[in-house]
Structures are given as structure tokens and as C-alpha cells.
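Number of protein chains: 2
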Amino acid sequence: MQAININQKFSLFNEHWSPKIIGQLNGQDVKLAKLKGEFIWHDHKNEDELFYIIKGSLQIEFRDKMITLNEGEMLIIPKKVAHKPIAKDEVWVLLFEPTNTKHTGDVKHELTKENFEKI
Amino acid sequence: MQAININQKFSLFNEHWSPKIIGQLNGQDVKLAKLKGEFIWHDHKNEDELFYIIKGSLQIEFRDKMITLNEGEMLIIPKKVAHKPIAKDEVWVLLFEPTNTKHTGDVKHELTKENFEKI
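Chains A and B, in that order, give the protein sequences. Residues in the first sequence are numbered from 2 upward in steps of one, following the numbering used here. Residues in the second sequence are numbered from 2 upward in steps of one, following the numbering used here.
In short, the hints are calculated from the structure, not lab data. Careful: at least some of the hints might be erroneous.
Copies of the same chain look alike in the list, so a pair counts if it fits in one copy or across any two.
Derived DSSO-like pairs: lysine-lysine, alpha-carbon spacing no greater than 30 Å straight-line [what the hints assert, rightly or not]: (1) LYS46 - LYS85; (2) LYS80 - LYS21; (3) LYS56 - LYS103; (4) LYS119 - LYS66; (5) LYS89 - LYS66.
Can you make the complete structure from the sequences, with help from the hints?
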């Protein structure tokens, strides 16, 4: 049991769209990711997903609207809701979701990560 | 589904040791709390608990050590581990824990909250 410093963890990687696990509790993962560019449309069949913006500004496109999240803002996306994150400039995000949540749901894409490194 | 601004949520209350629910997902609560002074010793029998420091510096006393958490740092306290938070000056904290986690475990104290307001 030790303090987890978010900025120190972000200094350990530079890849985009490759979430890293920084903690686990109650069957849930706490992940960090750096995002840049457009991700792909996907949903998670059984998992709600939380995005919390640490740095930058993230747009999330839904079928019926766009939501912009700025630093210090979070959004909970319910299961089954299709979404597409878009980061015009680099965004640092904290994710909270169940362990084993698939990166891009049932969609397979070159951006899809099958495993998440623990840092 | 809408953006949740953390600082705006913190502006809605001033009580200490009275967590407010700002979101729920996958059977878990996202809570905010303002802390000042010494809390009481307690543990949670079945729930791990995450503290993430938004503002200030929090000491958490354990039976065998003290951990200090500064802004931007988090700590995951495993179930059954007794802890006592101490905030010399006011601290703003974000908590992740299962819905229905009891505030002070099986301990009853005048500081114990039975219900958590949603804001």
C-alpha cells in the first residue's frame, strides 16, 4: 500500500490510446491514458465507463450529440452507449471501469489493445 | 449523461466529513468530501476504498505507519485495513468505493453519516 502519484505515472509512458493500470479495487481498474487524434466508435456491452480529464480537452461523440470535457471534468458513459473520443490536442485521462473491460468492446481495430500494462 | 465539474460540485457544500455522491457506475459510488481535523479509526469489512486528493494534504494513520497524500496523489486502502484520516488543514478528496459502503464501517460515532446526499 503506497501513494500513487498521477503525474509521476503519466511520465512513464507516451503512447496514445494505450491505457495503463495504476490501481485495482473491488473488481475495478483505475487506468491512465494519453489520447491524441480520433478513436473509433465502440460501446461496452456490460460496463459503465468513467472518463476524468487530468489535462487537456476531450470531445466525446455520441450518436445524438457531442460532449466536451475539460480539465477537472468527468463523464460516466453507461453500458451499451456508443461513443467515439476525439482529442484534437493531447489529453491525459483517468479511467475507472471494471477489470477485463474490453478496450473497444466487440470492435476489433488496429488501435485495439488486448492487454493493459500495469505501471 | 452530462459532464460533472469537480470544482463546481465542491462549491455546493462546506461540511466536513460528509461525503456527497456525484456519480455511480458498476455498483460503485464516486463521492466528494471536504475533510478537516481528525477522523476516527475504522475499517471496511468488505470494501476497498480509494482516496484521491484534489486539494490539500491528507495524512492517513495506519496501525503500523502513516502515509501522507498530497494533491494529485491517490491511495487504495484494502478491505479490513484500519485507518484514521487526519487533515491538519482542509482537504478536498474524491472517493471511489462500492455503493452502500458504510461511512465508518461497523463503528458508530457522532461523525458517522448513515446516508449520503447526491449532488
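Hints, verified against the model:
no.: 1; hint: LYS46 - LYS85; in the structure: within (15 Å within a copy, 39 Å between copies)
no.: 2; hint: LYS80 - LYS21; in the structure: both (21 Å within a copy, 24 Å between copies)
no.: 3; hint: LYS56 - LYS103; in the structure: within (24 Å within a copy, 33 Å between copies)
no.: 4; hint: LYS119 - LYS66; in the structure: between (34 Å within a copy, 26 Å between copies)
no.: 5; hint: LYS89 - LYS66; in the structure: within (17 Å within a copy, 44 Å between copies)
Hint compliance for this structure: every hint is met.
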